[in-house]
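A.B. asks: Protein chains in written order, with the working numbering: chain C, 0 to 318; chain V, 11 to 95.
Rather than coming from a laboratory, the hints here were simulated on the basis of the structure.
From a predicted model like this one, the values you see are computed outputs, not experimental measurements.
Keep in mind that a hint or two might mislead.
Dumping the calculated EDC-like pairs for lysine to aspartate or glutamate here, alpha-carbon to alpha-carbon at most 16 Å [to be verified]:
{"#": "1", "chain 1": "V", "residue 1": "Lys47", "chain 2": "C", "residue 2": "Asp99"}
{"#": "2", "chain 1": "V", "residue 1": "Lys14", "chain 2": "V", "residue 2": "Glu42"}
{"#": "3", "chain 1": "V", "residue 1": "Lys19", "chain 2": "V", "residue 2": "Asp76"}
{"#": "4", "chain 1": "V", "residue 1": "Lys74", "chain 2": "V", "residue 2": "Glu42"}
{"#": "5", "chain 1": "V", "residue 1": "Lys50", "chain 2": "V", "residue 2": "Glu89"}
{"#": "6", "chain 1": "V", "residue 1": "Lys50", "chain 2": "C", "residue 2": "Glu137"}
Pairwise CB distance ranges, derived in the manner of DEER restraints [what the hints assert, rightly or not]:
{"#": "7", "chain 1": "V", "residue 1": "Ser40", "chain 2": "C", "residue 2": "Asp258", "range": "39 to 45 Å"}
{"#": "8", "chain 1": "V", "residue 1": "Gly68", "chain 2": "C", "residue 2": "Glu27", "range": "18 to 24 Å"}
{"#": "9", "chain 1": "C", "residue 1": "Ser5", "chain 2": "V", "residue 2": "Leu31", "range": "20 to 26 Å"}
{"#": "10", "chain 1": "C", "residue 1": "Arg272", "chain 2": "V", "residue 2": "Ser40", "range": "40 to 46 Å"}
{"#": "11", "chain 1": "C", "residue 1": "Arg269", "chain 2": "V", "residue 2": "Ala64", "range": "36 to 42 Å"}
{"#": "12", "chain 1": "V", "residue 1": "Glu95", "chain 2": "C", "residue 2": "Ile290", "range": "58 to 64 Å"}
{"#": "13", "chain 1": "C", "residue 1": "Phe298", "chain 2": "V", "residue 2": "Ser78", "range": "40 to 46 Å"}
{"#": "14", "chain 1": "V", "residue 1": "Ser40", "chain 2": "C", "residue 2": "Thr216", "range": "34 to 40 Å"}
Quick reminder that beta carbons are idealized off the backbone N, C-alpha and C, glycines included.
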Amino acid sequence: MSTERSVSVRELMEGLNLTLFTPDADLERPITTVDINRPGLALAGYLRYHAADRIQLLGRSELSFLRGMDAREQALRLFAFCSYEQTPCVVVARGETPPDALFREAAMRRLPILGSHMVTTRAAAILSSFLEERLAPETLVHGVLVDVYGIGILITGSSGIGKSETALELIKRGHRLVADDAVVIRQVSDDTLVGSPPPLLQYLLEIRGLGVLNAMTLFGAGAVRTHKKVVMVVHLEAWQEDMAYDRLGIDEETIRILDLDLPLLTIPVRPGRNLAVIIEVAAMNHRLKRIGFNAAQTFSEQLARAIRDEASGTDTPGV
Amino acid sequence: MAEKRVVVKLRSGLLARPAALFVQEANRFSCEIFVEKDGKSVNAKSIMGIMSLAIAHGQEVVIKADGSDAEQAVSRLAEMIAKDE
Chain C
0 MSTERSVSVR ELMEGLNLTL FTPDADLERP ITTVDINRPG LALAGYLRYH AADRIQLLGR
60 SELSFLRGMD AREQALRLFA FCSYEQTPCV VVARGETPPD ALFREAAMRR LPILGSHMVT
120 TRAAAILSSF LEERLAPETL VHGVLVDVYG IGILITGSSG IGKSETALEL IKRGHRLVAD
180 DAVVIRQVSD DTLVGSPPPL LQYLLEIRGL GVLNAMTLFG AGAVRTHKKV VMVVHLEAWQ
240 EDMAYDRLGI DEETIRILDL DLPLLTIPVR PGRNLAVIIE VAAMNHRLKR IGFNAAQTFS
300 EQLARAIRDE ASGTDTPGV
Chain V
11 MAEKRVVVKL RSGLLARPAA LFVQEANRFS CEIFVEKDGK SVNAKSIMGI MSLAIAHGQE
71 VVIKADGSDA EQAVSRLAEM IAKDE
């Protein structure tokens, strides 16, 4: 369900408040990579490995290098530099104005030239963090995302199993709703998934029989969050007699979302089981494990030791 | 696995009420049903999911279903949003 993402030059310009030097340029050019290129070598004439598909960032050194050339050479180099159709745009840092030859060549290709007042390295950092956020792989998941004791838990399960009702009970217990029913999950880094609601559904919760409710107006600002790192998945499913459920919790199951494996707990649903309490405890247990205390593991080790001691005929341990 | 590409003809698009009817209809079927718009796919049995797509008149969506009554589900749901009213 994830899609290859891109950001248009217009979005970049508006998002970062960059100035536009070339009003007639094609601002719909797509940016598909978060990498930024400082085109010093390309301007020096070495184009073999020129990363043309990246944003080209001109700082003081590139500009002074260009200004040091004679007009003919400058035109030639800039002609080559601007000729790549895949180049999304050129950004000039430090509030500088680039040489006229760049405007001429860029105008011919409708290549956008943007300006930033920031120093070059700062501009590079801001450009890449903006792009990283916008270009992060994204998927839409059917489920409910809640923040329980600071742990982002994605509750999944088929329609009508009670995901939203569980979320409601969790909110009543002082936890926070992030998204109900549809969760946009983005991979913001190699080891982090962040979930948020689709824009239209922020703070909303649907409970069968009541309809659409606004959790923030009902329970207050403390009951909601706009986004949250997703740390574990709790899958609710109807209790099946012949199904073997985890009784120990020693082995950790995982589920893959985008490029990351998250711990998965499958909780069977049956009348009389308080799912909100189970999820609260799951969150606390997860925190304990991260602190380094694994009850199931410790118990299993103690049991192993007891059996070993029994077998070697020593006294009963731990009395 | 059944799949159908539909252009939404409902004049005002899938507003809250029509969306609720759509989801109600989807819930009559036992198969898994998904509605896809602009590469985003949501569960057709979830009112919030469907509303999050903000499906407007004239837009194209793909209805996909998997299960025993997939064919009927897809044709019934496609018919609902392809109605010109």
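A.B. asks: Now look at each hint and say whether the structure bears it out.
C.D. replies: Structure-based check of each hint:
| no. | hint | result |
| --- | --- | --- |
| 1 | V:Lys47 with C:Asp99 | violated (45 Å) |
| 2 | V:Lys14 with V:Glu42 | holds (14 Å) |
| 3 | V:Lys19 with V:Asp76 | violated (24 Å) |
| 4 | V:Lys74 with V:Glu42 | holds (8 Å) |
| 5 | V:Lys50 with V:Glu89 | violated (21 Å) |
| 6 | V:Lys50 with C:Glu137 | holds (10 Å) |
| 7 | V:Ser40 with C:Asp258: 39 to 45 Å | violated (33 Å) |
| 8 | V:Gly68 with C:Glu27: 18 to 24 Å | holds (21 Å) |
| 9 | C:Ser5 with V:Leu31: 20 to 26 Å | violated (36 Å) |
| 10 | C:Arg272 with V:Ser40: 40 to 46 Å | violated (25 Å) |
| 11 | C:Arg269 with V:Ala64: 36 to 42 Å | holds (37 Å) |
| 12 | V:Glu95 with C:Ile290: 58 to 64 Å | holds (60 Å) |
| 13 | C:Phe298 with V:Ser78: 40 to 46 Å | holds (44 Å) |
| 14 | V:Ser40 with C:Thr216: 34 to 40 Å | holds (36 Å) |
Hints 1, 3, 5, 7, 9 and 10 from the earlier list are contradicted by this structure; the remaining hints agree with it.
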